[in-house]
Structure formats: structure tokens, C-alpha cells
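All chains should be modelled from the sequences, with the hints used to inform the complete structure.
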Amino acid sequence: MRRVIGILISLTVATIMSACGGGDINSTPPAQLRVFHASPDAPNVDVYVDGAKVLANVPYSTLSPYLSLPAGKHHIQVNAAGTATTVIDVSLTLGSSDAYTAIAAGFLANIEALLAADDTSPAASGQARLRVIHASPDAGPVDILVNGQVVLSNVAFGTISNYLTVPAGTYTVQVNAAGTSTTAITASVTLTSQSNYSAAAIGSLKTAGTHPLALKLLTDG
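Residues 26 to 246 (the numbering used here) are what the sequence shown spells out, left to right.
Hints are computed from structural coordinates only; laboratory data are not their basis. Zero decoy hints are in this set.
Distance windows between CB atoms, simulated:
| id | residue 1 | residue 2 | range |
| --- | --- | --- | --- |
| 1 | ASN172 | SER121 | 35 to 41 Å |
| 2 | VAL115 | SER218 | 32 to 38 Å |
| 3 | PRO55 | ASP163 | 33 to 39 Å |
| 4 | SER213 | LEU92 | 29 to 35 Å |
| 5 | PRO54 | PRO147 | 17 to 23 Å |
| 6 | SER213 | ALA233 | 18 to 24 Å |
| 7 | ASN172 | ALA233 | 24 to 30 Å |
In the DSBU-like style, the derived pairs of lysine-lysine whose C-alpha atoms are separated by at most 35 Å in a straight line are:
| id | residue 1 | residue 2 |
| --- | --- | --- |
| 8 | LYS98 | LYS241 |
| 9 | LYS78 | LYS98 |
| 10 | LYS78 | LYS231 |
| 11 | LYS231 | LYS241 |
| 12 | LYS78 | LYS241 |
A virtual CB, placed ideally from N, CA and C, is assigned to each residue, including glycine.
Encoded structure:
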């Protein structure tokens with residue numbers, strides 16, 4: 026009888042703990058990580074996190090969905106798709122509830138990982154946030170113009186700017202060789218109220234026939 030009562034008490038406690046969240050009361054919210062393939066002469070890639078393949082055969086200019094990962098340190102590897110050839114091998118520390126974009130940038134011979142911390146909080150009503158990522162390996166330093174006005178000057182390859190807050194709407198964005206009126210990229214972008222964006226300059230002069238200079242607009246969060 027005592028054994029039966031003990032089992033019943035254990036089952037009751039387990040049920041209460043489950044209903045209240047039980048063992049999860051001290052759990053840490055996960056981090057969010059997405060991957061952007063911006064290396065213009067690299068092949069399709071597979072992405073591994075802590076030895077497990079999480080993305081397969083990712084082509085150039087592709088942005089993955091966010092992946093939920095436990096907060097903390099993770100081993101990230103990027104391989105040529107379908108092979109054991111690793112082109113990027115880094116460790117990243119991800120914060121709880123934070124969101125990130127890992128960018129494979131540069132030419133294959135010198136490919137590197139850039140890590141951008143994404144703002145996922147909503148902008149104010151009627152406003153949007155926009156930042157610039159310079160991921161074109163041979164474009165040189167650039168100026169960023171919005172509706173003809175310079176908003177960022179002498180931006181070097183690998184730069185991830187701070188977010189700029191602007192009224193929601195449609196804008197003409199130009200990427201000029203720094204200090205000149207020579208425009209390498211012109212694009213029209215539409216920014217929605219309370220949203221955040223990254224405008225990534227990708228492609229290269231070297232691969233102009235296949236992957237020319239372009240502006241890719243990413244929605245953050």
C-alpha cells in the first residue's frame with residue numbers, strides 16, 4: 026500500500042510540475058542564427074553546426090531562415106556542398122534571445138565569416154530601420170547614397186553599419202566608389218513601417234558575367 030501511495034504522489038507531483046513548466050523554469054531562451062552565402066566565386070555550400078549538417082547545397086546569394094540554437098558557443102563549418110572540404114571553420118558565441126546573420130564573404134581563396142547582430146525589435150510606427158553590409162570583395166571603399174544624399178562615407182569591405190532610422194517608404198539607394206560620382210549599384214528599396222532591413226552590397230567586378238555587383242535587401246527578424 027505504501028508503495029502504491031508513493032507512486033500516486035510521484036505521479037501527482039510530475040503532473041503539477043509539467044503543467045507549470047516543470048524542469049524548464051531555469052531554461053535559457055535560444056538564439057537565432059541564419060546564414061547568407063555572399064562569396065561570389067564559391068560553390069554551393071553545406072553548413073554544419075557542432076558537427077551536424079543544418080543546411081545543404083546553399084547557392085550564392087541565398088539567405089537561410091533563422092535557425093534556433095541554444096545560447097552559448099557553437100562550432101560553425103561551411104563546406105563545399107557534398108564534400109569534406111571545409112572553407113570556413115569558426116566558433117561563434119550566441120546570446121540568449123539574440124538574432125544573428127552569419128555571412129560567408131570574400132573570394133573563395135580568402136573567404137571569411139562576418140557576424141551581424143540583427144535588431145528584431147519593431148521600429149516605431151511609420152518608421153523603419155536600415156543598415157548597410159559591404160560584402161563585395163573587390164568593389165573597394167564605397168559611399169552610400171539614399172535619394173541622392175550621402176548617408177555613409179568610405180565604407181570598407183566587411184563593414185556592417187549601425188541601423189539608420191528612416192520614415193517607411195520607397196527609396197533609391199546608390200553605391201558609389203568612395204569620394205566619386207561613379208555609381209556601381211543603383212536599387213529601389215521599399216521599407217515597411219516597423220520593420221528592420223539590411224542592404225547588402227554583393228557580387229564583384231571579377232565575376233561580373235555571372236555574379237555582378239548588386240544590392241540585396243534582407244528583412245531582419
